[in-house]
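Peer 1: All chains should be built: construct the whole structure from the sequences, respecting the hints.
As given, the protein sequences belong to chains A and B, one line each in that order.
The number in the working numbering is simply the position in the first sequence, starting from 1, with 207 added.
The number in the working numbering is simply the position in the second sequence, starting from 1, with 207 added.
Because the hints were derived from the structure by calculation, they are not lab data.
Please note that the accuracy of each hint is not assured.
A pair holds if it fits inside one copy or across any two, identical chains being indistinguishable in the list.
Stated by the list, open to error - Dumping the calculated SDA-like pairs for lysine to any residue here, alpha-carbon to alpha-carbon at most 25 Å:
no.: 1; residue 1: 269; residue 2: 253
no.: 2; residue 1: 269; residue 2: 241
no.: 3; residue 1: 269; residue 2: 221
no.: 4; residue 1: 269; residue 2: 347
no.: 5; residue 1: 269; residue 2: 216
no.: 6; residue 1: 269; residue 2: 372
no.: 7; residue 1: 269; residue 2: 220
2 protein chains.
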Amino acid sequence: MNFCSHCGQPVRFAIPEGDDRPRYMCDACGTIHYQNPRIIAGTLPISGSRILLCRRAIAPRKGYWTLPAGFMENAETTLEAAARETREEACAEVALHGLYTLINLPHIDQVYMIFLADLDGGFDAGPESLEVALFEESEIPWDELAFPTIERTLRHFYDDRREGSYPLHVSDITPEDRERYFGSA
Amino acid sequence: MNFCSHCGQPVRFAIPEGDDRPRYMCDACGTIHYQNPRIIAGTLPISGSRILLCRRAIAPRKGYWTLPAGFMENAETTLEAAARETREEACAEVALHGLYTLINLPHIDQVYMIFLADLDGGFDAGPESLEVALFEESEIPWDELAFPTIERTLRHFYDDRREGSYPLHVSDITPEDRERYFGSA
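Peer 2: Pasting the structure below:
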């Protein structure tokens, strides 16, 4: 951020009076520009013994497999965001169940929220997917998954399926977890 | 938003090519300024049969009672945000348990996440609180609560305490829910 989005004058990065961390501040009009984490909402679509994955057609991690998920938009709920992303990336309708994984990625200011869902009807590759397919557990392309959040959600799912119970899992992804996918920066 | 925070030129509000909703766009440098919902993280601190509430010293809803909660910051986890807000507003340390309410407020682009917590030691009014106190169920100031998210979380809590089980509750706040607190706009 270089300029104030309200008045167009240059901003500076400093700790506002009464605050305890630096913000982008505009001395011209007094606006303080707060920045906050973003939510990535998605689903784990289930069809009998198989689950649905999408192969990414866009960066980052083009060509790798993911669950349908993306940035939550203003004016929608977390469940609406998860269903919309599933519709956009997999051309699929789903019946949403509970929140299943809540994963913090503090080093990149993101919070993942993946909901368990039942696939309701067909599917197809949306514009952001190269292909969409159903996988048995033995077929999961573990070495070709797009993100550590996806691997962690799938590992919880298969562990829980053996137990027959699907509680919410809250956890964090560390920079080291991401290095395996993206290399060290 | 009037000006591009990257290059300082005026922005326009229109649907970018390949997108399906309007964004603030800069024709000068090509930046698209996405806007996303914000997370409000907090706790329901428990001390024996009582729970902790804070009376707000700041707008909105100054003078009304709330659970300690506030905007999640970049570079922290949802649990860290909930604990930090509890420390700031109630000068209290807590042992966090599970996520308890996840409440969508799509009309104001917010997502509330309240964690159950055990109060660990003392408490005091932080700079954003007029007072902080422990309440038995019969003492809750139902007509003086700050936000519908707080009322809903407390009602779930007392219902669940009678059942002895505290599952995650996911729900939405509607504009009508908010009218009772803020009046119609």
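Peer 1: Just pull the numbers of the violated hints for me, sorted ascending.
Peer 2: 3, 5, 6, 7
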